[in-house]
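Listed below, chain by chain, are the residues.
Protein chains: 2
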Amino acid sequence: MSESLLQRRARLLGPNMPTFYADPVHIVRGQGVWLWDAEGRKYLDCYNNVPHVGHCHPKVVEAICAQAGVLNTHTRYLHEGIVDYADRLVGKFSGELETVIMVCTGSEANDIALRMGQAVTGKTGVIATDNTYHGNTTAVSQLSSKKPPIGGYAPNVRRVPSPDSVRPLGGSMEGQAEVFAGHVARAIDELEEAGIGFASLILCPFFANEGFPDLPHGFLDPTVEVVRRAGGVIIADEVQPGFGRTGSHWWGHERIGLAPDVVTLGKPMGNGHPVAAVVAKPEVTAAFREAFGYFNTFGGNPVSCAAAMAVLDVLEEEELVANAEEVGAYALGRMREIHHPMIADVRGAGLFLGMEFAGEGLEPAPEFTAQVVEAMKARGILLNRLGRHYNCLKIRPPMPFSRENADQMADTLAEVLDGMPA
Amino acid sequence: MSESLLQRRARLLGPNMPTFYADPVHIVRGQGVWLWDAEGRKYLDCYNNVPHVGHCHPKVVEAICAQAGVLNTHTRYLHEGIVDYADRLVGKFSGELETVIMVCTGSEANDIALRMGQAVTGKTGVIATDNTYHGNTTAVSQLSSKKPPIGGYAPNVRRVPSPDSVRPLGGSMEGQAEVFAGHVARAIDELEEAGIGFASLILCPFFANEGFPDLPHGFLDPTVEVVRRAGGVIIADEVQPGFGRTGSHWWGHERIGLAPDVVTLGKPMGNGHPVAAVVAKPEVTAAFREAFGYFNTFGGNPVSCAAAMAVLDVLEEEELVANAEEVGAYALGRMREIHHPMIADVRGAGLFLGMEFAGEGLEPAPEFTAQVVEAMKARGILLNRLGRHYNCLKIRPPMPFSRENADQMADTLAEVLDGMPA
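These protein sequence lines are chains S and F, in that order.
According to numbering that gives the first Met the number 0, the first sequence holds residues 0 to 421 in order.
According to numbering that gives the first Met the number 0, the second sequence holds residues 0 to 421 in order.
Hint data in this document are derived by calculation from the structure and do not stem from the laboratory.
No false leads were slipped in.
In this list, chains with the same sequence are indistinguishable; a pair is considered to hold if it fits within one copy or across any two.
Below, computed lysine-lysine pairings styled on DSS-like, alpha-carbon distance capped at 27 Å: (1) 280 <-> 145; (2) 280 <-> 146; (3) 91 <-> 58; (4) 41 <-> 58; (5) 91 <-> 280.
Chain S on its own, in the form it takes in the complex:
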């Protein structure tokens, strides 16, 4: 059954369509933190951040159904849905992040954010970190260094080395903030010297894809100073750390102490419904709309807004941000009790946790990490790996993850590592 499904999938969706795991799972049902495959096997979901408040949360499903049966049009007609949601959303931000553009995907949000930088500065240069991913549009995918695009890398993109917990920039954790700011300053100079000019710095304030290094509050202060001096726009991509994922704060930029001009939101926003947004300072939104005009047919439709609103309701009613902090700290503690010579680091915040594996001389161990991922799956735990070297476990479950779930994950991880040679 699954084999034939794989074959049909390859025929109809084309080759190189990514799947997880050596033998991909065929998931048919989800509820809360649980997933079931076609054979009825139950998995603890320690990976998916899109079903933020839990797979198929009844309140979100109900909100989608109710609105889908009443009206689903676009924003060229007036509707309370988008205005009420925007009002509620900006209430979650401090600073002047007071306007919202609603779209369908985080990629669309980041595509807009880059143009906001252009509209404000009149320049096109972008600085991003060197192991990042901000989405899949033509413009946004050029921020990633993974594959050279046809026609070559865009001349307006400069990449800077991202900070690291295990191998800090400049060799010491203490000096890392200044070293990072120095890389940004040099990239700005290069863009200006090339006649392109510097428009914006875009980063995930949790540096999620880079392996979410442990960084102190204020880490980005020297970088902000450099960017402000150059008149650039700061874009915080909150697609991963946003909506309380890190437990201590609603947004990753608050956690690290960054005050961005633009924030982009995506994956968890509608619990799986395709909805995303750009939250920005009013003058930034105004500059963008003036310079580019913009209309998104599905963006901010009443159903998408109902789904997104229900997610905020559930986050508050079930106190899931506090849960992320409490259960995340508990899970981290449990993970730190595990001992294995290949463990180079255990870190994370809230319900975004990782365990980094390395051999002698801190040599990254991506193969070992892949084996752990497969062994966990074989024991009914879904997680994955990430980081510059793909040697860090990515543990990022739905937010209603409990202590009991954390115990199951940590116990299984201990068991798996116990059976693995150093």
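Since chain S is already given, all that's left is putting chain F on it; use the hints.
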């Protein structure tokens, strides 16, 4: 109430957020071809193609609710939903259009299509028509000539004049196909001479935004010959004419007799649920996936596929494509019975109809057209205008539009025009 909503909207969503009509309507409910505003006023929807099978069609709502309650994940796990839908969808195409990439918006689909052209040819030059709109990403919005982007127009985009019913290219309807092909040939030469090289031609095969000129089957044959000779990829943007809109055919490219390499789908696909797709020849999809890699978090999720599948079900069960042909022809006949000195042309296909207004010497009459749009709205009929000069009514209702609906629209239009000076 509505005034305060408008003010909140401007404050929260920013300035220049487009609305329809001098006094925007505040729509709160939809069913079939009907919309209701906050004061309980009922409107006949003659504009919206997104609610393709009718606003809030119960079968589509039911499909969304059912799947949203069971599972909504991504395509890195196996799921029948996307494979079954892709299978059903490619069955609607002839030629070798046998593979599908699912995304969330028509903009995302066109953004991929352009990169498919790059992947196949190794070049980046794109040719589009000069009054077109293919979406809102950075790359795709550069196809539009409406606003020069910051940093200037992209050097890899060339625009050719689009065909016209009232003011044909080259002065005669007979020679228009060759003249259009000649423009394309010159644009190809320019791209090659500039060292950019020609990758793809993208067009709406119905030339919807250009005012959907009446063009004969085979109109694009000379253009296709030119593109094929240069080794280019042909992209048909079916976001507007697709899914049977034009009545006689499922796809606009079939109607005009074009065999594209890539087809993009959007707005009507999920009846308002954010789902879109690229359908392409297997070798084109393979080249794209090989050159760029691609993953779309929400694209092809089980709920989106359920919504899209239900749309196909309803189209077939209610024979809505045949309905579009029959009612569209009837409506066109009724519109042709209307006489007014400003009417320059009445045209369309299926349920995509227009009436073009011009003064002496075929001088386009955008203001007159705008007054007609407002007067129709005042009488409970929602439609709009389009075309190079915004002097053509855009009548594009949900597909269950009936003869009775057509009569109401045509009677009201006659009444409105009767009251307007020449």
